[in-house]
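**Student:** Here are the chains, one letter per residue:
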Amino acid sequence: MKIDRRKFLKLAGCTGIGLGLSATDMFKGTVEASSGHSAVSTAAVRHAMVIDVRKLQTAEDYQRIVDACNKIHNIPTLIPEKGNPKHEVKWIWNDTYGHSFPDQQNYYHPEAFKQKLFPLLCNHCDHPPCVRVCPTKATFKRPDGIVQQDMHRCIGCRFCMAACPYGSRSFNFVDPRPFIKDKNPEYPTRTMGVVEKCTFCSERLEKGEQPACAEASNGALVFGNLNDPESEVRKILKSNFSLQRKPELGTMPSVFYVIGGGEYAG
Amino acid sequence: MYNGGKIIAGLIIFIALVTFPFYTNMGKTFEKPADPTAAPDDLHIGDIPIGQMRAEHMMILDKWRDEVVRGGERFITYDGDQYEKSIQNGCLSCHSKQEFCGKCHNFAGVDPYCWDCHYSEEEGL
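Top line first, the protein sequences correspond to chains A and B.
Position 138 (the first sequence) corresponds to 138 in the numbering used here; numbering is contiguous.
Position 61 (the second sequence) corresponds to 327 in the numbering used here; numbering is contiguous.
Hints in this document: simulated from the structure, not taken from any laboratory.
Even glycine gets a Cβ: it sits at the ideal position worked out from N, Cα and C.
Just to be clear, a hint being listed does not mean it is correct.
Here are the computed lysine-lysine pairs in the DSS-like style, where the Cα-Cα straight-line distance is at most 25 Å [unchecked claim]:
no., chain 1, residue 1, chain 2, residue 2
1, A, Lys71, A, Lys183
2, B, Lys363, A, Lys183
3, B, Lys351, A, Lys137
4, A, Lys238, A, Lys55
5, B, Lys329, A, Lys141
6, A, Lys86, A, Lys246
7, A, Lys183, B, Lys351
8, B, Lys363, A, Lys181
9, A, Lys183, A, Lys86
10, B, Lys363, B, Lys298
11, B, Lys351, A, Lys71
12, B, Lys298, A, Lys207
One-sided excerpt, in silico: chain A residues whose CB lies under 8 Å from chain B [claimed, not checked]:
no., residue
13, Thr136
14, Phe140
15, Arg142
16, Met151
17, His152
18, Pro185
19, Pro188
20, Thr191
21, Ser202
Have a look at the derived ranges for each label pair, beta carbon to beta carbon [to be verified]:
no., chain 1, residue 1, chain 2, residue 2, range
22, A, Asn84, B, Pro315, 49 to 55 Å
23, A, Gln57, B, Asp328, 45 to 51 Å
24, B, Gly338, A, Arg64, 24 to 30 Å
25, A, Leu19, B, Asp328, 43 to 49 Å
26, B, Thr343, A, Glu232, 55 to 61 Å
27, B, Glu387, A, Gln63, 22 to 28 Å
28, B, Asp328, A, Pro247, 38 to 44 Å
29, B, Cys360, A, Asp228, 35 to 41 Å
30, B, Gly346, A, His152, 29 to 35 Å
31, A, Met192, B, Glu387, 37 to 43 Å
32, B, Thr343, A, Thr136, 30 to 36 Å
33, A, Thr136, B, Glu322, 41 to 47 Å
34, A, Pro85, B, Glu322, 42 to 48 Å
Given only the sequences and the hints, what does the whole structure look like? Please build it.
**Tutor:** Given below as structure tokens:
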């Protein structure tokens, strides 16, 4: 078959338009996913935590919370001073304001406030970067907002640790079993080569219990449904000024901090 | 035949090696482990007959694992009784790891990696 120039140009034009249309369709999803600024979760349940640091005063107040979590989840105590600090495994831990909110600092914060510790844990983000990078879908977001880690599927690549802006994930560089002080026979340990993190005590929620840290905190850590306007967390957030960690990243954390004010003056 | 002696000697050594397991075990008897439970065949675990559980427990546990970890469905109900789909809080609350699981696993030379993380109170960590 012979094609003259006129016919060839017509066909080429049609092909070009067709390719262009299918390409825009193809990239639409990618652009939406990578912008990370789509709407906030509208699910019936989005688990969240409000941490009122005004209610945490003594060193025991902080330690009790960490100990409750460590015991219930068989978390090894690999003390940084004795070994490699990178071997430390932590689900909930404490750090200063400067380390917790590096982007929300002020030269003139009261000295007492700069020394104040903040309990830190996985933020169970609405747009979790760890979930987007996991090559095996070992970490995934549940419909109720919990970012869950499936140890059975984790291959230990540590992409999620690089992606998490909050340092909430720990890798088992060594067999954790010899370093578990108080073992809980109702919860498994982890094995060498997997990443672990806070699960918002999903196993306790399914039995109708509160997360271990909230239970041990004497009301300083309040757990609840962020998408229920009548829930306690929403009531606290409505009546108090609160902070989120690194909100500018668009991860939409589910952990909020009520920091108070006047009590640091002097 | 070129190099006949070497070939025949090699063949004899090869056959001796291949048949080694047969003639070393010849005449010996082996004891099959008794069924770890004397459970009757009409017993059920949930709605799963005991025979099926015995034959397919690895697939069933794998399915339960995904349901619990990824689906959050932690319990199964059968005849009004609630069972937890969990090694440590379910299976091991009645069965012994060594006596029940270990009996067949040790005989068959199976070393499942469940125990890398899940542990039994009787053995500790």
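**Student:** All hints are to be evaluated individually against the structure, with a verdict given for each.
**Tutor:** Evaluation of the provided hints:
no.: 1; hint: Lys71(A) x Lys183(A); verdict: holds, 6 Å
no.: 2; hint: Lys363(B) x Lys183(A); verdict: holds, 18 Å
no.: 3; hint: Lys351(B) x Lys137(A); verdict: holds, 22 Å
no.: 4; hint: Lys238(A) x Lys55(A); verdict: holds, 18 Å
no.: 5; hint: Lys329(B) x Lys141(A); verdict: holds, 20 Å
no.: 6; hint: Lys86(A) x Lys246(A); verdict: holds, 23 Å
no.: 7; hint: Lys183(A) x Lys351(B); verdict: holds, 21 Å
no.: 8; hint: Lys363(B) x Lys181(A); verdict: holds, 23 Å
no.: 9; hint: Lys183(A) x Lys86(A); verdict: holds, 22 Å
no.: 10; hint: Lys363(B) x Lys298(B); verdict: holds, 19 Å
no.: 11; hint: Lys351(B) x Lys71(A); verdict: holds, 22 Å
no.: 12; hint: Lys298(B) x Lys207(A); verdict: violated, 41 Å
no.: 13; hint: Thr136; verdict: violated, 12 Å
no.: 14; hint: Phe140; verdict: holds, 7 Å
no.: 15; hint: Arg142; verdict: holds, 7 Å
no.: 16; hint: Met151; verdict: holds, 7 Å
no.: 17; hint: His152; verdict: holds, 6 Å
no.: 18; hint: Pro185; verdict: holds, 4 Å
no.: 19; hint: Pro188; verdict: holds, 4 Å
no.: 20; hint: Thr191; verdict: holds, 4 Å
no.: 21; hint: Ser202; verdict: holds, 7 Å
no.: 22; hint: Asn84(A) x Pro315(B): 49 to 55 Å; verdict: holds, 51 Å
no.: 23; hint: Gln57(A) x Asp328(B): 45 to 51 Å; verdict: holds, 48 Å
no.: 24; hint: Gly338(B) x Arg64(A): 24 to 30 Å; verdict: holds, 28 Å
no.: 25; hint: Leu19(A) x Asp328(B): 43 to 49 Å; verdict: holds, 45 Å
no.: 26; hint: Thr343(B) x Glu232(A): 55 to 61 Å; verdict: violated, 31 Å
no.: 27; hint: Glu387(B) x Gln63(A): 22 to 28 Å; verdict: holds, 27 Å
no.: 28; hint: Asp328(B) x Pro247(A): 38 to 44 Å; verdict: holds, 40 Å
no.: 29; hint: Cys360(B) x Asp228(A): 35 to 41 Å; verdict: holds, 39 Å
no.: 30; hint: Gly346(B) x His152(A): 29 to 35 Å; verdict: holds, 31 Å
no.: 31; hint: Met192(A) x Glu387(B): 37 to 43 Å; verdict: violated, 22 Å
no.: 32; hint: Thr343(B) x Thr136(A): 30 to 36 Å; verdict: holds, 32 Å
no.: 33; hint: Thr136(A) x Glu322(B): 41 to 47 Å; verdict: violated, 25 Å
no.: 34; hint: Pro85(A) x Glu322(B): 42 to 48 Å; verdict: holds, 46 Å
Consistency note: the structure conflicts with the earlier hints numbered 12, 13, 26, 31 and 33.
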